[in-house]
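Visitor: So the sequences go chain by chain: A and B. Quick note: the first sequence uses our numbering, first residue 1, plus one each step. Quick note: the second sequence uses our numbering, first residue 1, plus one each step.
It is worth saying that the hints were derived from the structure and are not from the lab. Do not rely on the hints blindly, as some may be mistaken.
Stated by the list, open to error - Label pairs and their computed distance ranges (CB to CB):
1) 150/B / 95/A: 46 to 56 Å
2) 140/B / 200/A: 44 to 54 Å
3) 178/A / 23/B: 22 to 32 Å
4) 153/B / 35/A: 51 to 61 Å
5) 40/B / 100/A: 20 to 30 Å
6) 138/B / 52/A: 21 to 31 Å
Claimed, not checked - Not the full set, but computed from the structure, chain A residues with beta-carbon under 7 Å of chain B:
7) 54
8) 84
9) 273
Since the structure is predicted, the reported quantities are computational estimates derived from the model, not experimental observations. Every residue, glycine too, gets a C-beta built ideally from N, C-alpha and C.
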Amino acid sequence: MESFFVRYRNLLVLLAVLLAQIIGLAMQVRHTDSGRNALDSRDTAGVRLIRLWANELVTPPEQFFHATKLGAIGLWQSYIDLRHVREQNQDLQKAMDRIRLEQASLLEDAKQGQRLQALMDFQEKYAYKTLAAQAIGSSGSDHSRIFYINKGQNYGLQPDMAVISADGIVGKVREVYPRSAQVLAINDQTSGAGVILETTRTRGILRGNANGQPQIEGILADQRIQPGERVLTAGGDQIFPRGLPVGVVEKVVRDPDRDAFIDVIIKPAAHLNQLDEVLVITSIQPRFPADQLQDMATSESEKGAEAAAIQVQKKESEIRAERLPGLNNPNAPAANPAATTAPGQAGKPGQAPAAPAAVTPAPAPHLLPTQHIDRFTPTPKVKPQKDQDSSAPAGKATKPATKPEVKPHQPAIPRETF
Amino acid sequence: MDVLGTNYRRNLGIRHYPLLVYALVPLVALVLQAWLPRVLGGYAWFDLPLVVTVYFALVRRNPIHGTLLGAGLGIFEDALTQHAIGVNGVAKTVVGFLAGSVGVRIDVEDHTIRLILTFLLSLLSSAIYVFIFRILLGLDEQWSWLAELLRAVGNSLIAMVLFPLLDRTQIKD
């Protein structure tokens, strides 16, 4: 037996290592209701631990490399800047004299510039609460469009926070570690972002393809979708706020699996392959500056005071209406309560809106009995006895009396009346 | 030219390296593999951990060493992605084992053979990766064989430069 293990030692070690990994793989994949297999969206504790170890091992050297790169770039730029500094100094002295003369005329422009800058600052502050971070590393694989940023739990990052750049959306936070975070870029095949085409208003889900290009899959063929059309976030995924730029349509290709559908290849607005700095949206609630919040509170309070003043006015008008001598007999019974309701009371806040009041018909004029019937005497067309019933509503009773139907060229009086 | 014969196999010597090289080279490979794609953009057609696995498995001429090194580096690579841990691990385990087994039988001092081996093992690694991802796990992922071919070429070019450099760090008797 010993010779067996010694003889096949290499193969046995290989099989053992492979078996362990395959069992581990099987534990990470689950069968979905749609009949397909999928990876768990959230890592198990063991898997997360391995990822944490790997991250802790790689992140410090990556940050060192990143800092070294920035330092080297800064050093080189400083060297470039220092060249010809003496000549530049003399030029600057001359320029300064000239600038002093121009200073007075430029003062006004400067003030205008400050005002514009203040407007821009306002616009920036109105945006969502963000946190700047630097991209320090990647997954190192074409099959995984993951990159790492140098901010993590220490800065309050959480999974599923949107990551954007100045140009457009970048991805979302997938895993958060103490000092770093894993970001899933929008061109990864497992990513997903709700987007909308700006002109055609076609909605779809954005995900990456094998070439690392983001694309919208499974859209019904539409001739209106043309290259160059802007793509924005739709806002329905609860990750990206609505209206952020995603990119432009690069080309439209037919879905290889389904004839009636197309895939829209997107040229991303953000430079996904060469990101240095990104912004993590830490809160999708709009952030207002303090002075603007004060303005809003003032506006709300003024709005409340105005409503209260209107109520007081209504109440006063009601009291005045009650005190004024009315034409109606106060002792008469109210035939239609809705009609007698004061106009001010109908729309009181907090009450259900009153049903539209029926138009109170004018009292039917009492007609004297006709002494001499002639052709101009108003008579009902059919069944005059029943229609003239006194128990009928006044409105209905007056109708035939006031508007007799007279056929032209025919006597309106029935034959039997003669 | 008795590269496959038993006499040659008997005469093979196993190389030894300082412990620091064993520890640092794989770590640097992993860090660079994670960092360089950020710098190079979409042109990072290489797999440094695979190249390191092939090198140490070949020169150590020990399949178990190649297996364990490949498994470790592969799992580490998987840990940096969002994919299941073990896909790269299995692929590099097989590559390490094969490289270690081949190293016993052929002349690994020859640069051309190393280059060809690196190229072929890179393609094999990609094939195993696809097999695990699509067949074994049944996951849906698009694939570009052109990218895999370019990666194999990139690995060979890196091997052409890196292997002679690492050869210099070996401990000579």
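Visitor: Run every hint past the structure and note whether it holds.
Guide: Here is what the structure says about each hint:
| no. | hint | result |
| --- | --- | --- |
| 1 | 150/B / 95/A: 46 to 56 Å | holds, 52 Å |
| 2 | 140/B / 200/A: 44 to 54 Å | violated, 28 Å |
| 3 | 178/A / 23/B: 22 to 32 Å | holds, 24 Å |
| 4 | 153/B / 35/A: 51 to 61 Å | violated, 38 Å |
| 5 | 40/B / 100/A: 20 to 30 Å | violated, 49 Å |
| 6 | 138/B / 52/A: 21 to 31 Å | holds, 28 Å |
| 7 | 54 | holds, 3 Å |
| 8 | 84 | violated, 30 Å |
| 9 | 273 | holds, 4 Å |
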